[in-house]
Amino acid sequence: MVLTVFLDLLGFAMFIPDLQLRGQLLATQFLHMDNKALQVGLLIGLGQSVYSIAQLLTGTWLGRLSDTNGRRIVLLISSALSVFAYILYANAHSIFLLYLSRALSGVAAANLGVAFAYVADVSKPEERSAKMGMLGAAFGAGFVIGPALGAGLLAMNHDSPALLGYFAAALSFVNFILIYRLVKESNFDRLDSHRGSLIGNISHAASVKGLGIVMLMFFMMNLAFTNLETTFFRLLEAKNWIFQIPSDQVKTVGAIILTVVGITGVFTQGGLVRVIVPKLGELKTVRFFYSMFIPVFLCIPYFQFYWPGIIGVIMLGVTNGLSGPSMNALVSQRAPREMQGSIMGLTQSLGSLARVIGPVFANFLFQMRPSYPYLYGAGLACIPAILSWAILKPVPQDKDEVAFANVH
195 MVLTVFLDLL
205 GFAMFIPDLQ
215 LRGQLLATQF
225 LHMDNKALQV
235 GLLIGLGQSV
245 YSIAQLLTGT
255 WLGRLSDTNG
265 RRIVLLISSA
275 LSVFAYILYA
285 NAHSIFLLYL
295 SRALSGVAAA
305 NLGVAFAYVA
315 DVSKPEERSA
325 KMGMLGAAFG
335 AGFVIGPALG
345 AGLLAMNHDS
355 PALLGYFAAA
365 LSFVNFILIY
375 RLVKESNFDR
385 LDSHRGSLIG
395 NISHAASVKG
405 LGIVMLMFFM
415 MNLAFTNLET
425 TFFRLLEAKN
435 WIFQIPSDQV
445 KTVGAIILTV
455 VGITGVFTQG
465 GLVRVIVPKL
475 GELKTVRFFY
485 SMFIPVFLCI
495 PYFQFYWPGI
505 IGVIMLGVTN
515 GLSGPSMNAL
525 VSQRAPREMQ
535 GSIMGLTQSL
545 GSLARVIGPV
555 FANFLFQMRP
565 SYPYLYGAGL
575 ACIPAILSWA
585 ILKPVPQDKD
595 EVAFANVH
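Just so you know, we're using my numbering here: the sequence shown kicks off at 195 and counts up by one.
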């Protein structure tokens, strides 16, 4: 599962250097306006939101489908859909084809909750943070290699999306084969397909002590983070800001920066999680490192490169690397066992909802002043940092879940 998640995220991360600036190019061509126009910013944001809209609409449904029919079949179907979506991106020379390809990619990516549920199925309660850390390390490894690989493929093909799209489609096809050959169905308590409504089951799960707070924190931090991830390449290129990296270099420079973030995240999730989380516990880890996001957001638009910028990038990688697996573990610990897929799917859908709202508003703010999305993101990050102190321990459901529910 770790390998399949790595390939999935590698395919996704390859598009990071291209998407913001290609969206800007296609939006200006479609509107026949200067790239500083507010309407251009809205179209750029919408182009990034389409992916998350699709993920939002299908994430919880795929999670429930995996609860009733098994994780493996959902993973296979979503991998096959990724192949088609990436082929479409390779030929996306209009903003409408770009939107369609991103929407299909979003549907396919809605399987992330299923992947988390699969790991929860095959892990003992006391091992879940470590296993989530391994899954997070696979995410991080995809983000280490993906942006640099994507930038390289773009450079090889004169900034055309063709080679990038077809290469990503090939990766998804390999992923499909690996899931088909290597991933066995996990053992879990399946839901009766006629048992209750989806909304009713989600409402029941949200009523579990502490789960609603945890999911709200997850949503708010994702909303804050979208301000960075959907404007960063534009920030580096902006002619009215301090970096002003030339257009023919910005994708490569941005990819290098994201690679450093990814390497730091892999090291953190592959090693530091196993040391820090057992000592602090998931809750204290989230409290401390969620608070660290705030100064990082405030400093990023003002960091010059070299040492201040490198330190800020490393802080971002460590903070994200430690808080992410702990947050997923907190959600998993509070979810009823028979609803792991639905709840992890719901959690990913909340992340998608944040990425629906976030890009449009972030790019609108960017059109006013490049630093505004980051200041706004810092303000949003204060909310989950404060909420983390309100998390309560869930009531263990049985003896086997005492360790599972124990939050230090």
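Be careful, since some hints might not be right.
Said to hold, decoys possible - Restricting the straight-line Cα-Cα distance to at most 25 angstroms, the calculated cross-link-like pairs of lysine-lysine (DSS-like) are:
#: 1; residue 1: 403; residue 2: 318
#: 2; residue 1: 230; residue 2: 433
#: 3; residue 1: 230; residue 2: 318
#: 4; residue 1: 433; residue 2: 318
These aren't lab readings, by the way, just hints derived from the structure by calculation.
Each hint tested on the structure:
1. A threshold of 25 angstroms between alpha carbons decides the hint, and for residue 403 with residue 318 the separation of about 21 angstroms falls inside it, so the pair holds.
2. Proximity of residue 230 to residue 433 is assessed by CA-CA distance (about 10 angstroms); at most 25 angstroms being required, the pair is judged to hold.
3. Taking the CA atoms of residue 230 and residue 318, the gap is near 52 angstroms; set against the 25 angstroms cutoff, the hint is violated.
4. Between the alpha carbons of residue 433 and residue 318 the distance comes to roughly 52 angstroms, so the proposed pair goes past 25 angstroms and is violated.
The structure does not agree with the numbered hints 3, 4 stated previously, though it agrees with the rest.
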